[in-house]
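Peer 1: This is what each chain is made of:
4 protein chains.
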Amino acid sequence: MSRRMKTLTIAAIAAVALVLVARSIAVGQSDRWYPSRWGADDQRGAANRITPAKVLEAKALITKGAIYQLGRVYEAGMPMFGSRHYSIRIPQAFEMPGRNEGVFHDDIISGELGQIGTQFDGLGHLGIGDLFYNGNRRREFAKPEGLTKLGIENVGPIVTRGVLVDVARFKGVEQLPPTYEITAADLTGALQRQRTEIGAGDVVLIHTGWGSLWMKDNAKFVATAPGIGVAAAQLLVNEEVVLVGSDNWGVEVMPNPDAELSAPVHQLLLARNGIYLHENLATEGLARDNVYEFVYVFAPLRLKGATGSPGNPIALR
Amino acid sequence: MSRRMKTLTIAAIAAVALVLVARSIAVGQSDRWYPSRWGADDQRGAANRITPAKVLEAKALITKGAIYQLGRVYEAGMPMFGSRHYSIRIPQAFEMPGRNEGVFHDDIISGELGQIGTQFDGLGHLGIGDLFYNGNRRREFAKPEGLTKLGIENVGPIVTRGVLVDVARFKGVEQLPPTYEITAADLTGALQRQRTEIGAGDVVLIHTGWGSLWMKDNAKFVATAPGIGVAAAQLLVNEEVVLVGSDNWGVEVMPNPDAELSAPVHQLLLARNGIYLHENLATEGLARDNVYEFVYVFAPLRLKGATGSPGNPIALR
Amino acid sequence: MSRRMKTLTIAAIAAVALVLVARSIAVGQSDRWYPSRWGADDQRGAANRITPAKVLEAKALITKGAIYQLGRVYEAGMPMFGSRHYSIRIPQAFEMPGRNEGVFHDDIISGELGQIGTQFDGLGHLGIGDLFYNGNRRREFAKPEGLTKLGIENVGPIVTRGVLVDVARFKGVEQLPPTYEITAADLTGALQRQRTEIGAGDVVLIHTGWGSLWMKDNAKFVATAPGIGVAAAQLLVNEEVVLVGSDNWGVEVMPNPDAELSAPVHQLLLARNGIYLHENLATEGLARDNVYEFVYVFAPLRLKGATGSPGNPIALR
Amino acid sequence: MSRRMKTLTIAAIAAVALVLVARSIAVGQSDRWYPSRWGADDQRGAANRITPAKVLEAKALITKGAIYQLGRVYEAGMPMFGSRHYSIRIPQAFEMPGRNEGVFHDDIISGELGQIGTQFDGLGHLGIGDLFYNGNRRREFAKPEGLTKLGIENVGPIVTRGVLVDVARFKGVEQLPPTYEITAADLTGALQRQRTEIGAGDVVLIHTGWGSLWMKDNAKFVATAPGIGVAAAQLLVNEEVVLVGSDNWGVEVMPNPDAELSAPVHQLLLARNGIYLHENLATEGLARDNVYEFVYVFAPLRLKGATGSPGNPIALR
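Chains as they are written, first to last, in our numbering: chain Z, 1 to 317; chain W, 318 to 634; chain R, 635 to 951; chain X, 952 to 1268.
Calculated from the structure, these hints are not laboratory results.
Hints may be right or wrong, so weigh each one.
When the alpha-carbon atoms are kept at most 30 Å apart in a straight line, the in silico DSBU-like pairs for lysine-lysine are as follows [stated by the list, open to error]:
1. R/Lys850 to Z/Lys220
2. X/Lys1171 to X/Lys1015
3. Z/Lys304 to W/Lys533
4. Z/Lys149 to W/Lys533
Beyond 12 Å from chain X on every Cβ pair, some chain R residues (computed) [as the list claims (entries may be wrong)]:
5. Tyr668
6. Ala674
7. Gln703
8. Asp851
9. Val871
Virtual Cβ for every residue (Gly too), placed ideally from N, Cα, C.
Given the sequences, and given the hints that come with them, work out the whole structure.
Peer 2: Here it is as structure tokens:
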């Protein structure tokens, strides 16, 4: 590169940097949210809060030997966001040689598998402009064959105390109304009613009742959703949770009451704080049985470079 | 139907039935293995052995709060059986409207997802001619859009005592030789060396050392495999286990020493006894740490009508 | 096999054969429609009618140098039969090394690609019970990794005289009514109005006007369709055509006026006569311009073992 | 935006623009190659050269009624670039209701369908940094659900005079050696030997003999390739052709003799001149029969927003 080009380059970079800083201030992101508290190289975020001590603490919650299945069935026709798809087919049977007449079936599946049905959002799923968790720049790690950083294979199993916050019950309804924004006061009130507290390293699941629309009124289910707002999410951040889940499709209220914001809770949790989301959970069994404390167990599929994971998380008590 | 046709039909059916019976005897399947012990309508097989009592029994094995990840990474280039495939791509980023600059990635995945990598074989995967678990006839439940019976969504979570049987260690090797058939005496001997016993409702994982070839020498890994033979499998059937897993690609020895048999252990476990298989497990961590007893936790993805499930099972101790 | 078993087997086979024959008569299929006129090993059916002479005959129809595109756009949201799907995504860009800054995109696509959108039905697509074209038995050639006979790769290019039969115009409407069965008299009448004749080795396209619903009213488009009935199809069989196409999704009337019949025209054309179908064609341009004779050109994608082919057939005049 | 931010933004953009211009000069791209000769809004490039006059000119080349199939079979195990994949499965048969025993098969296919096997590269496939054909900026049109500009659906059918240039024959070999760069003199010499000329609006296919490795020695086939270099490509640009095809996987020599260049011929043809590429063609039939002039017919599948198209182009003579 010539000296002149170098000078021009430096000038351009400096100017761009100034613009970026100005813009950051404009959208209220003046704070420096990276590197993460787990170091500049960390790719696991709040999964670091899973420790042997948390596992042992959780173990004590198993008193009945009951298992709740929190994952929904993946099937044709299930509600999906935008143009995502899910397809399953059973190919013709394979016939094996031999006198024992072995015959087997496979299944062939395609879809946005980390982002449909019951889904666990990884740290590479959603960011703020070009910036993702720990200040990783999208253009540097989002590659065609998989994310080269923040892939779901880095998360590891989550076994910890789980808390259900039954906001619907607290509000005295079966199902929160469409677009209802759950406030920090709602969370606090619901926890008081339940006499439950949230601790560092916990998983928090929000029961809105919206999940009762699943496969019953899919159009209504995906059109909007009640869910936590930014203030409620910030409360959970302050409590140092590992993951926030819900029985709706985005955990957070959709659309956001501020029409100029899209998915700000995702940004607050995933990008700024490394806290995971678990969407489309079947929380109705826990709510029905007033189970507010349990062991939450989920190990994301180790899909190298993926943004999320399908799965069937469970609650043990 | 005319009377003549009816007569012909009856004659034909009778003749076919005789042939089938004769053939069954010829391949040593004279015994009547269905309906299942859990009833003629059962679709869950040995998963019925998971009870609150087993969960509570398993709980006591958690003493250190340690978690072992038993699932391997799903990635391009991993060993696969036959012409199965796995593909993942990260589409262009989606940019959301709004001043908060939300940007997200999905992943798009295709493959025989229930039958690649770490895989849990369901009861609809493999049968004996037209007969599958509980006497279900393949042609009646194997439909293009999914199995209408024995789909993986019926299994439910498995949380129970897990036992690692380190056969490689018992034989004094790092890795059992190719095509080595693990005998019932090998299992018994390895259990004695470990001072471990197997009980009803347990999950049994066989460590062969073959898994150390994974992503190191894939061609060798898939060409053959050491694994349990029919007699060893029968021992596990007699012990009333829930699932048999291993660090090889088929649990059983491949190919079978009897060249006229293909996957007879699959038939014995899945079809005749409703016992699941878990293949391509990462058992090396347990073996390294001499962990022979643990809580095994796995909840198959609820893929409606699927023959198997990918996943990331864990061991807790 | 023992002698006794052999005897039983023979008896059973004989009895089954008798039943099959009786049943065949019962459903009006007493005629022996195989082996095909092109021999017992033929896999190409009416594509055998494409000869150099037909190509040269067709050539003379090119007088203006005009090209009509008969294929519709494959896109998200297009009408599809049953639970078939189509998905396309553009992965993140691949960046190549080197000072010339090469950057490229791929597309990743999944779906029932031979049977969605503009689709060419091959001879392995549809049969009568277990019998397909040329008496091939489904269970013998329908294998998981592709058809081992009658795959679309056998067809070869089709370049021949094409005839548009504008039945909508003949009936004085823009669009035939839902479930309208086109009769042989309709075909004859429409051809007379147009002063067009059909000859051996021709391709015949039926304009119903139903295609104007495409991406306008997809629900109506797929719910039913006007199209040819069995008698009209038989007329085209008698004329020894190569292919019958239309601007609806099944060429034939859907549902069939006889509620006990599903897709009998498919059976008559594909299975019994080796004549191809081309569905969801964009015939409106030809109809608008009163183009009743043209060169039809289509070369199915050579998808080994596939049942059909997507594509973009053209008409030249 | 505040006034200060606006000023900063303008300064940044100006500085960046200067850097880009300087860089462009540095890599020899000082010429202004856009807007295209077909206008700033054009998305079809050299397909604009297909006119009724060219169709009629081509028609005269049909003298024998012979059809050559130029597309290869798509099948498991075919050579593919990088980690692209192709999968086909035949699902279980669908059984239709009714007394006529309708039974049908679909196929389910996944892959980078525009960029595997015989493939037609569209104008959205490959660019120079952020710039594609007609100066379109990648980040503006490359969207997850498809390209919003330059998608393959814009191309339309190509029916024109085709010319085979048998460079292998000219060099006196069955197959050009690996990494052999075809020069402009090679093209000129081969054309002279054949007594063929290239004209505006023609399609030019280069026979290298490399295609004889297809499904014979796939590893060798994809490792490198003989093909045209930049100078030969420039000659074809000057001749105003529509498309350049070949029996190798990239049309151009791979790798480029200049180790600092990746796919420069793609950039010259697609981005700068709107000329298409057709890769992995079966040219051996034409070469064997000394067919140097013919009608080339190909209509890309109208895959909305796709970067390329699979297909089965044909040559008529």
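Peer 1: Beyond 12 Å from chain X, beta-carbon-wise, is R/Gln703?
Peer 2: violated, 6 Å
Peer 1: Is the Cα-Cα distance between X/Lys1171 and X/Lys1015 30 Å or less?
Peer 2: Distance of about 36 Å is beyond 30 Å: violated.
Peer 1: Just double-check R/Tyr668 for me: nearest Cβ-Cβ distance to chain X has to come out over 12 Å.
Peer 2: Holds, because the least Cβ-Cβ distance between R/Tyr668 and chain X comes to about 16 Å, which exceeds 12 Å.
Peer 1: Going straight from one Cα to the other, do R/Lys850 and Z/Lys220 come out at no more than 30 Å?
Peer 2: With Cα atoms ~24 Å apart, R/Lys850 and Z/Lys220 stay inside 30 Å; holds.
Peer 1: Is the straight-line distance between the alpha-carbon of Z/Lys304 and that of W/Lys533 30 Å or less?
Peer 2: Holds: Z/Lys304 and W/Lys533 sit about 17 Å apart, inside 30 Å.
Peer 1: Confirm or reject the statement that R/Val871 sits farther than 12 Å, beta carbon to beta carbon, from all of chain X.
Peer 2: holds, 16 Å
Peer 1: Just to be careful, I want the Cα atoms of Z/Lys149 and W/Lys533 compared with a cutoff of 30 Å; is the pair within it?
Peer 2: At roughly 23 Å apart (the allowed maximum being 30 Å), W/Lys533 and Z/Lys149 satisfy the hint.
Peer 1: Would the least Cβ to Cβ distance between R/Ala674 and chain X come out above 12 Å?
Peer 2: holds, 21 Å
Peer 1: Just want to verify: R/Asp851 was marked as not at the interface with chain X; is every Cβ pair farther apart than 12 Å?
Peer 2: Per Cβ check, R/Asp851 is outside 12 Å of chain X; nearest 19 Å; holds.
Of the numbered hints listed earlier, those contradicted by the structure are 2 and 7.
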